[in-house]
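**Q** With chain A's structure known, arrange chain B on it following the hints.
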Amino acid sequence: MNILVCISHVPDTTAKINFTADGSALDPAGVQFVINPYDEFGLTKALHIKEAQGATITVLNVGGPETEPTLRKALAIGADQAVRINATPTDAITVAKSIKNHIQANAYDLIICGQESIDYNGQQVPAMLAALLDVPMVNACVGLTIDGSTATAKAEIDGGHATYTANLPMVIGGKKGLVEEKDLRIPNMRGIMTARTKPLSVEEGLSGSNTAAKAFRKPAAKSAVKMVAPDQVNELVRLLHEESKSI
Amino acid sequence: MILVFVESWNNQFKKASFEAVSYARKWADMAGCSVKAVVSSGASNPESLAQYGADSIATLDLAATGPGMAGQLSTMMDGVQGVVVAGTAVGKTLAPTLAALIDGALSTNTTSTPSSVGPVVVERGAFSSKGIETIALSEGMPIVSFVPNAIGIEEKAGAGAIESGSASGTDKVAVSEVSVASGKVALPEAEVVVSAGRGLKGPENWGMIEELAEVLGAATACSKPVSDIGWRPHSEHVGQTGIQVNPNLYIAIGISGAIQHLAGVSASKTIVAINTDPEAPFFKAADYGIVGDAFDVVPRLIEELRAFKAAN
Chain A
1 MNILVCISHV PDTTAKINFT ADGSALDPAG VQFVINPYDE FGLTKALHIK
51 EAQGATITVL NVGGPETEPT LRKALAIGAD QAVRINATPT DAITVAKSIK
101 NHIQANAYDL IICGQESIDY NGQQVPAMLA ALLDVPMVNA CVGLTIDGST
151 ATAKAEIDGG HATYTANLPM VIGGKKGLVE EKDLRIPNMR GIMTARTKPL
201 SVEEGLSGSN TAAKAFRKPA AKSAVKMVAP DQVNELVRLL HEESKSI
Chain B
1 MILVFVESWN NQFKKASFEA VSYARKWADM AGCSVKAVVS SGASNPESLA
51 QYGADSIATL DLAATGPGMA GQLSTMMDGV QGVVVAGTAV GKTLAPTLAA
101 LIDGALSTNT TSTPSSVGPV VVERGAFSSK GIETIALSEG MPIVSFVPNA
151 IGIEEKAGAG AIESGSASGT DKVAVSEVSV ASGKVALPEA EVVVSAGRGL
201 KGPENWGMIE ELAEVLGAAT ACSKPVSDIG WRPHSEHVGQ TGIQVNPNLY
251 IAIGISGAIQ HLAGVSASKT IVAINTDPEA PFFKAADYGI VGDAFDVVPR
301 LIEELRAFKA AN
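Chains as they are written, first to last, in the numbering used here: chain A, 1 to 247; chain B, 1 to 312.
Everything labelled a hint here was simulated from the structure, so no lab data went into it. Bear in mind that the values here come from a model prediction, so they are computed numbers and not experimental data. Incorrect hints may have been included.
Listed below are the simulated DSBU-like cross-link pairs for lysine-lysine, each with C-alpha atoms no more than 30 angstroms apart in a straight line [as the list claims (entries may be wrong)]: (1) Lys-309(B) to Lys-14(B); (2) Lys-284(B) to Lys-218(A); (3) Lys-222(A) to Lys-309(B); (4) Lys-172(B) to Lys-222(A); (5) Lys-284(B) to Lys-245(A); (6) Lys-201(B) to Lys-184(B); (7) Lys-226(A) to Lys-309(B); (8) Lys-15(B) to Lys-218(A); (9) Lys-214(A) to Lys-97(A); (10) Lys-214(A) to Lys-26(B); (11) Lys-245(A) to Lys-15(B); (12) Lys-154(A) to Lys-15(B); (13) Lys-26(B) to Lys-14(B); (14) Lys-50(A) to Lys-214(A); (15) Lys-156(B) to Lys-245(A); (16) Lys-156(B) to Lys-14(B); (17) Lys-172(B) to Lys-97(A).
Taking beta-carbon pairs under 7 angstroms as the criterion, some of the chain A residues facing chain B (in silico) [unchecked claim]: (18) Ile-146; (19) Gly-191; (20) Thr-211.
Ranges of calculated distance between the beta carbons of each label pair, as one might list FRET restraints [to be verified]: (21) Glu-68(A) to Ala-174(B): 33 to 41 angstroms; (22) Lys-284(B) to Glu-180(A): 27 to 35 angstroms; (23) Thr-14(A) to Gly-152(B): 26 to 34 angstroms; (24) Lys-201(B) to Gly-30(A): 16 to 24 angstroms; (25) Lys-218(A) to Asp-29(B): 54 to 62 angstroms; (26) Pro-230(A) to Ala-161(B): 55 to 63 angstroms; (27) Thr-14(A) to Gly-230(B): 22 to 30 angstroms; (28) Lys-15(B) to Ser-207(A): 36 to 44 angstroms; (29) Lys-201(B) to Glu-204(A): 52 to 60 angstroms; (30) Leu-184(A) to Glu-211(B): 30 to 38 angstroms; (31) Gln-53(A) to Pro-119(B): 46 to 54 angstroms.
For each residue, glycine too, the CB sits at the ideal point set by N, CA and C.
One chain only, chain A, in its complex shape (with noise of 0.2 angstroms):
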């Protein structure tokens, strides 16, 4: 079975967020860069099958250069080899495009992206991907058992879950759930080693965007906080209903 892992290098969820000072770019000076949370768990997720199953784990990220670190991280954590697509990822269309292009050169039969990542929050790779292959997917996918050329999966929906069964290739949006916060996995010392022998190659990604971002900006700093005391929580009553018209 080959299971391509697509990934994310996003800031550090502890990260503090600057952009550059014409507002055009995130500034990434003192940002450490990480795989993305969500695309952990799709990866600690494809190790699961491998061990249970056999598999041939492929990482993948559409980046410049300065995200190969990430991808020796995850190669590190236990996948087999790394593709960098080589573009700048300005837009979600364009890099679906890219993935898929790689996706229809080399056969896979699982395709797990995470369900965001959380830098542009777009929420919108894993289904283009689908959408582009002609294949299935399930987002917010929370669990997903493989059976021959089988899969069902069990994904968040609006108050509840639901299951799916669909026939491979697929792809899966995955978040916590696919797999427990406590099966993620630290790079060991041998994985660290034997990271930096696995291949890891480049090809040329797809270039231009449907859309533009034309400016980032942070939030509004919120005013100070009006504290109430414990015992006059009539008083935190009255300022939600007359001043912050909350209920």
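**A** What follows is chain B alone, placed relative to chain A:
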């Protein structure tokens, strides 16, 4: 025209569905065109969409899944200048599928109506609400998926002509089971969210959180540590890697306010933090704060809110 996909659940429209029609109306008024709503043929009371601005309402037999519905919509693009979808679970899969099928320009996580329409320019949340992106939908069909609650519902009459339509769409997955908790407010759409963290000391103490939520008609939520240790289900985890919410009111009880949690809630209009630690970072992100013990404050708050509800 602006085409708006109007979701229903068990044949009833969702709140976000009316908001989607309001969004489409505002966009259409800027573009000087009409609004066409697409609804399931089973949805009750489709004519009610006219009061939010639908000029025509096409009823059709919809596929069961977002990608299947997107396939249907992709065949209905004649004369369409833009598409609106609410960012619900269905919408989050439908919108990007449609964008791929018709090579459109999609903004998801959108928090504003268009500031211009040639090309369409909107604002959207990025970097887990730590940033706001202004994006132009420059090439191809503009498609907007907006965050429920971000725009609001506005009444404005449309012509409301009902027409029955048909469009083929194929689901590529088979639905084998659906379970939705009845009588509970779904978190992403909730107007009020009551959320609690490790300060509650154990899952057995959630009774008062649920009671407070019931008084307020709120959805319940929790912090990441609480879902990781299994006190509450993952589906309640609010934060950067959980659900992102933007209710009118978010009440955080016994949650310190780690940056990852705040990223998931900072879009809330009003935030109340209740915590024993006066240095808890949540107080910097909150509008109102109480330094106090949840086990003392929450029962009082329930009592005061009951009295308030009785008097109003």
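**Q** Compare the structure with each hint and give your call.
**A** Hint-by-hint comparison with the structure:
1. Lys-309(B) to Lys-14(B): 25 angstroms, holds
2. Lys-284(B) to Lys-218(A): 16 angstroms, holds
3. Lys-222(A) to Lys-309(B): Distance ~29 angstroms between Lys-222(A) and Lys-309(B) Cα, so the pair holds.
4. Lys-172(B) to Lys-222(A): Not OK: Lys-172(B) and Lys-222(A) at ~45 angstroms, beyond 30 angstroms, violated.
5. Lys-284(B) to Lys-245(A): 21 angstroms, holds
6. Lys-201(B) to Lys-184(B): 24 angstroms, holds
7. Lys-226(A) to Lys-309(B): Status holds; Cα separation ~23 angstroms.
8. Lys-15(B) to Lys-218(A): 29 angstroms, holds
9. Lys-214(A) to Lys-97(A): 22 angstroms, holds
10. Lys-214(A) to Lys-26(B): Between Lys-214(A) and Lys-26(B) the Cα gap is close to 22 angstroms, so the pair holds against 30 angstroms.
11. Lys-245(A) to Lys-15(B): Status holds; Cα separation ~20 angstroms.
12. Lys-154(A) to Lys-15(B): 25 angstroms, holds
13. Lys-26(B) to Lys-14(B): 19 angstroms, holds
14. Lys-50(A) to Lys-214(A): Not satisfied, since the Cα-Cα distance of roughly 43 angstroms exceeds 30 angstroms.
15. Lys-156(B) to Lys-245(A): 23 angstroms, holds
16. Lys-156(B) to Lys-14(B): Distance ~18 angstroms between Lys-156(B) and Lys-14(B) Cα, so the pair holds.
17. Lys-172(B) to Lys-97(A): 20 angstroms, holds
18. Ile-146: 14 angstroms, violated
19. Gly-191: 23 angstroms, violated
20. Thr-211: 5 angstroms, holds
21. Glu-68(A) to Ala-174(B): 33 to 41 angstroms: Check passed, 40 angstroms falls within 33 to 41 angstroms.
22. Lys-284(B) to Glu-180(A): 27 to 35 angstroms: 31 angstroms, holds
23. Thr-14(A) to Gly-152(B): 26 to 34 angstroms: 33 angstroms, holds
24. Lys-201(B) to Gly-30(A): 16 to 24 angstroms: 37 angstroms, violated
25. Lys-218(A) to Asp-29(B): 54 to 62 angstroms: The hinted range 54 to 62 angstroms is violated for Lys-218(A) and Asp-29(B), with Cβ atoms some 31 angstroms apart.
26. Pro-230(A) to Ala-161(B): 55 to 63 angstroms: 57 angstroms, holds
27. Thr-14(A) to Gly-230(B): 22 to 30 angstroms: Check passed, 24 angstroms falls within 22 to 30 angstroms.
28. Lys-15(B) to Ser-207(A): 36 to 44 angstroms: With a Cβ separation near 41 angstroms, Lys-15(B) and Ser-207(A) satisfy 36 to 44 angstroms, so the hint holds.
29. Lys-201(B) to Glu-204(A): 52 to 60 angstroms: 55 angstroms, holds
30. Leu-184(A) to Glu-211(B): 30 to 38 angstroms: 35 angstroms, holds
31. Gln-53(A) to Pro-119(B): 46 to 54 angstroms: 48 angstroms, holds
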